[in-house]
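Could you slot chain F onto chain L? The hints should help.
If you read the sequences in order, they're chains L and F.
Numbering-wise (this note's numbering), the first sequence opens with residue -8 and increments by one.
Numbering-wise (this note's numbering), the second sequence opens with residue -8 and increments by one.
Hints should not be assumed to be uniformly reliable.
Identical chains blur together in the list; that is why a pair holds if it fits in one copy or across any two.
Stated by the list, open to error - Within a straight-line C-alpha distance of at most 20 Å, the following computed PhoX-like cross-link-like pairs (lysine-lysine) qualify:
id, residue 1, residue 2
1, K124, K338
2, K181, K283
3, K58, K154
4, K66, K301
5, K66, K262
6, K338, K263
Please keep in mind that the hints were generated in silico from the structure rather than gathered at the bench.
What follows is each chain in one-letter form.
2 protein chains.
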Amino acid sequence: MSDLKYWIALSMLPDVGPIRARNLLEVFSTPEQIFNAREKELVSVEGIGANRAKNIRAFKAWDEVRKQMEVMESKKMRAVHIGESIYPEMLKETADPPVVLYVKGDPHPQDRYAVGIVGSRRPSLYGISVAEKLSEDLASMGFTVVSGMARGIDSLSHNGALKTGGRTIAVLGSGIDVPYPPENKGLMEKIAASGFVVSEFPPGTPPDKENFPRRNRLISGLSLGVLVIEATADSGSLITARYAIEQGREVFSVPGNVTSPASEGTNDLIKKGAVLTRNAEDIVAELAPVLKGFIKVKDKVKIEVTDEEKQLCDLLSGDPKQIDLISRESGLPTSRVLGLLLGLELKGAVKQLTGKRFYLA
Amino acid sequence: MSDLKYWIALSMLPDVGPIRARNLLEVFSTPEQIFNAREKELVSVEGIGANRAKNIRAFKAWDEVRKQMEVMESKKMRAVHIGESIYPEMLKETADPPVVLYVKGDPHPQDRYAVGIVGSRRPSLYGISVAEKLSEDLASMGFTVVSGMARGIDSLSHNGALKTGGRTIAVLGSGIDVPYPPENKGLMEKIAASGFVVSEFPPGTPPDKENFPRRNRLISGLSLGVLVIEATADSGSLITARYAIEQGREVFSVPGNVTSPASEGTNDLIKKGAVLTRNAEDIVAELAPVLKGFIKVKDKVKIEVTDEEKQLCDLLSGDPKQIDLISRESGLPTSRVLGLLLGLELKGAVKQLTGKRFYLA
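Same shape as in the complex, but just chain L (with noise of 0.2 Å):
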């Protein structure tokens, strides 16, 4: 923990991003060795030039770091830098993942299977009752849920994944001592307790408004994909579904009624690409390939036929048929059978190919 202290001075650095600050680490190994370079070393640096090297000679802020330390330990937090193990693996492999995160609670590897969930401060009923099912869903099917901590759909999706037992994030755009909205105290220490809350700006930090759109990059960054339930046009999680896409992670979307304007961001969203996401097993299946059956989607419902699509359903298998054939064996018209096998196709039940050959699905 010795050097804990250069990591926390290195993230406090003026004008020194994750960006510089990892390219400083490539060079230096270590932030010890940052504070300990000459100024001719440290202006070699990509995106290093005189200014911010002198800045990094007149660091003097160790007292500051000390009490940072100080308050974290009284206040159980800790501040888990980039170097750890326990830093968690998804943001680790964003473009510019902070070097320093303050932490309450437990990272966990599992933690690599999230799924944010965002939405507006003021969700419709429906964009209630959405959020509470999706993020009970996918905490029980194993995902930890991330969010924002806000009113709304976030504070929803926290307490949907706390419901089910399961885990949750809290990233926030305040210091991890300091709840916001306030009314969500008793929310965070819950969050804490089942899973992490995390920040990269220092305890103490207040929310000032230009921190959420660097808290969103975090959220994104901790997750396979985006979930936005429901957003009006100029909504926020815009933002986020945005920062999802630069860092390659999935973007879904729940459709809703084009007379809401609660939806009107989600429809966009779906419109210009997002997965159009109707449950949680929508999720599942466009995550598979990365999921590596980490999370599974149940056995599939029985599929309810009629009492004539089950008499098609007798005389079909997994080998394609003619329509022609099956209008003789069934004794029905062509037109009628080929409307049969088209509901049928429908419900899934049975599958065509080019020629109106058939096969049970």
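Using the frame of chain L, we list chain F on its own:
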């Protein structure tokens, strides 16, 4: 007109559908020559075996053909054969256009710019309001609205087109002298006067269940694209969408709440690649390459409103709201609110649905 009887006879031949009829016409040029051909000549046509050739030679139902022609004359209907310039152009471009169409009303070349609108026979309030709005908007842009005159979305769509003075086409699964459902007799007369009613089934044909998939094929065949407003997972509208894809026509689908069974089919269509459709502009944007400037989106003009009108507009959205609620929310008496809303409707800022429900235009 003397050869019309041969066209009708050709359409009546047992086991000779549109594709075999076309093969015969390619060899014999006119229907009359088909009926004068020798069996040996007929057998050589693709798809015409010994049995069908015999049936053609043995065709004796000329009395029935004549009777049909008399019925049509007396009821102001007509049979339009595929060789006529009045035969609908878009339908002619499909793989299997009917040889003869029975028509009441006047087909027009501008019907080439047609959109099929289909959906549930038992729509939700949401489906009703979207069908009303989209059919009115599309018709007033200059699109001909094609539908199946069924209960629910179909009837709403025809009525929406009629309300704006636009053109509309009803495709029946019965003869065009057999209104179905019966309560739509009056609607049918209006459609015949502002477009046309069409069927591939001869006059007197009852609305048998097996006719409807074939009817659906004509709805999509007459249209540049088919718009599905609401559809349950097993809705017949999905068959129409399926035909549209086979015919190379566009499929448009209106998203809806994932909790609504009436939107299951439409959301599924979008997931499978249908164009997510929020308004008429989405349709125009997608069809732009084939519309060749015939139909354009109007520029929105700025509407001047008074302070009081502005107050009401702020309470409204695209979602229809009942007048009592608007009155309560605004603190103004219902009569005053109604007056203001009607003024706004005249200015084009607000639209009204049945049941005194209002939404922003």
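Results for each hint:
For the homomeric pair K124 and K338, the shortest alpha-carbon distance inside one copy (17 Å) is at most 20 Å, but the shortest distance between copies (30 Å) is not. With identical chains, the CA atoms of K181 and K283 are never at most 20 Å apart, being 30 Å at best within one copy and 60 Å at best between copies. In this assembly of identical chains, K58 and K154 lie within 20 Å of each other by CA distance neither inside one copy nor across copies; the values are 37 Å within and 74 Å between. Proximity of K66 to K301 under the C-alpha cut-off of 20 Å is found in neither arrangement, the shortest distances being 53 Å within a copy and 43 Å between copies.
With identical chains, the CA atoms of K66 and K262 are never at most 20 Å apart, being 46 Å at best within one copy and 48 Å at best between copies. Within a single copy, K338 and K263 get their C-alpha atoms only as close as 27 Å, which misses the 20 Å cut-off; across copies the closest is 14 Å, which meets it.
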